[in-house]
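Q: This is what each chain is made of:
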Amino acid sequence: VTSAQVEEVLAALADPTRRRLLDALARHGEATATTLAETLPVTRQAIVKHLAVLTRAGLVAGAREGREMRYRLRPEPLTATAAWMSRVAAQWDARLDAIKRLAENG
Amino acid sequence: MTADRIEREITIAAPVERVWAVLTEPDLLSQWFSQHKPPEIDLRPGGLMRLNQAEGYDYLTRLVRVEPPTHLAYRWASAYPGEEATEANSTLVEFTLTPVDGGTRLRVAESGFAALTIPPERVPVAGYDSHVKGWAQKLEELREVAE
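Keeping their order, the protein sequence lines are chains A and B.
Taking the working numbering, the leading residue of the first sequence gets 11, the next gets one more, and so forth.
Taking the working numbering, the leading residue of the second sequence gets 84, the next gets one more, and so forth.
Extracted from the complex, chain B is given alone in its bound form (with noise of 0.2 Å):
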């Protein structure tokens, strides 16, 4: 288990070049993850993807690696719209897509949230259950959630 880390994995009825595309091109990319308007992005190790999610909420992603069609990874510092993103102030987001059966296979895993800082206001207080119910059922649902 590695505490600090997200993956979560769907099969899609496309080919990888499909995906890919998905996951890099303006128009397709504002259509779910850069909805306010189409992104402007850099699309080279070290280049900036600039995602407009709201009025007002650029997030200046930094691509870490591009290597079409497998592997495309940037730091994204959800937590500081405005601020381009670091190691200090930023999640790890690394896709992965695998040709199988009938379709892709992609991967996404975000890290590193354990070296961020996070505002008071991103850290959600609702559904805190008080009541104690036991510790290995708890690490039981962080591990499923982790790895």
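Just chain A, with the same shape it has in the complex (with noise of 0.2 Å):
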């Protein structure tokens, strides 16, 4: 895992568009870009843009059929980034936990 990553896997998430279309093919198991302009609102040269961003960010993968691209979901970066994320969370309630025990011991 390296910053980069993690970087890329939270810019890559921040988009509604972007979680949208992982949401999509967590249930579709893999589509085209095609299949996804389908069932999103939204054009499918907007949707083969946003795959770029969740591709370079590893969060899909693309594999070549035919004419068209399949992409498939890969959860790895997803792992790692989720991991990062619990940490500092973690630290936040020990933060908490000692701000509670300052105010109520005051």
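In case anyone wonders, no lab produced these hints; they're calculated from the structure.
These figures come from a predicted structure and were not determined experimentally.
A couple of the hints might just be wrong.
Stated by the list, open to error - Residues from chain B that keep clear of chain A, each with C-beta distances beyond 10 Å, as calculated:
(1) PRO121
(2) GLY130
(3) TYR140
(4) ALA160
(5) GLU193
What the hints assert, rightly or not - Incomplete in silico selection of chain A near chain B, CB under 8 Å:
(6) LEU20
(7) ALA21
(8) GLY68
(9) MET95
(10) VAL98
(11) LYS110
(12) LEU112
(13) GLU114
Think of the CB as a built atom: it goes at the ideal place given N, C-alpha and C, for glycine as much as any other residue.
Make one complex out of these two single chains by using the hints.
A: Below, the structure is given as structure tokens:
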């Protein structure tokens, strides 16, 4: 896991359309940009651009099938990013506990 | 779900003014957030709070919102000790204090991870789970953390 990878995953997930694309791929297993365009209110052209961002972040992988690319999810980068965010959240839990102790014992 | 935001909350059996003091007064801050020595703090929007979490590690945190005793927000460049927090190098930490029966609900949100450049040594590699357990589960885990 590199820092660049975590950054790209977070940036990729920051966009609501891309999160919907990931949800759609999770439901369908694999899908082409054309199929995805039928299920989301976004043009095929826009979906291709979003898939490129998701591919760079390592969250999806495309394989050529005939004239189209079939995309599937790759959960590994998300696992690493979720672990990182869990650690940040756990630090806040510890800090909030410390604040509580200080406030209640003042 | 906002992917680059962490939210946490806790209920504290103390009045909001007391919790506000723990968040803003140097002697109290030094007991949970600036353990090395009490911070210098210029408590106003735009003011600087110098946290010292260890020898040689000063965090030049920029106050964004100061509305006692309910709202406090600052930009925290936790990945860049010694550098003043800007929008490019920091996350936004927001505290909201709400009076509730018997005390205060304290909520903290830290956001802006997506736009942040994280130095490699700050990104953990331990605990990386290379086993793929399915996207839906991982997304749910991330959602729980991020929501």
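Q: Hey, is B:GLU193 genuinely clear of chain A, shortest beta carbon separation above 10 Å?
A: violated (7 Å)
Q: Would the stated hint for A:GLY68 survive a check requiring a Cβ distance to chain B of less than 8 Å?
A: violated (13 Å)
Q: With a cut-off of 8 Å, does the beta carbon of A:ALA21 approach a beta carbon of chain B closely enough for the hint to hold?
A: It holds, given that the least Cβ distance between A:ALA21 and chain B is near 5 Å, below 8 Å.
Q: Against chain B, run the beta carbon of A:GLU114 and see if the smallest gap drops under 8 Å.
A: Status holds, d = 5 Å.
Q: Is B:GLY130 truly not at the interface, in the sense that its beta carbon sits beyond 10 Å from all beta carbons of chain A?
A: holds (21 Å)
Q: Take the shortest C-beta to C-beta distance between A:MET95 and chain B; is it under 8 Å?
A: Result: holds, 5 Å to nearest chain B Cβ.
Q: Are all beta-carbon distances from B:TYR140 to chain A longer than 10 Å?
A: Given a closest Cβ separation of 15 Å, the condition holds.
Q: Decide, holds or violated, for the assertion that all CB atoms of chain A are farther than 10 Å from the CB of B:ALA160.
A: holds (14 Å)
Q: Could you check if A:LEU20 really has its C-beta closer than 8 Å to a C-beta on chain B?
A: Given a least distance of 4 Å, the restraint on A:LEU20 holds.
Q: Tell me if A:LEU112 is really an interface residue toward chain B, meaning its C-beta lies closer than 8 Å to one of theirs.
A: Where the cut-off is 8 Å and the nearest Cβ of chain B is about 5 Å from A:LEU112, the hint holds.
Q: Does the CB of A:LYS110 sit less than 8 Å away from some CB of chain B?
A: holds (5 Å)
Q: Was the hint right that A:VAL98 lines chain B, CB cutoff 8 Å?
A: holds (6 Å)
Figure legend: structure checked against the earlier numbered hints; hints not met, in rising order: 5, 8.
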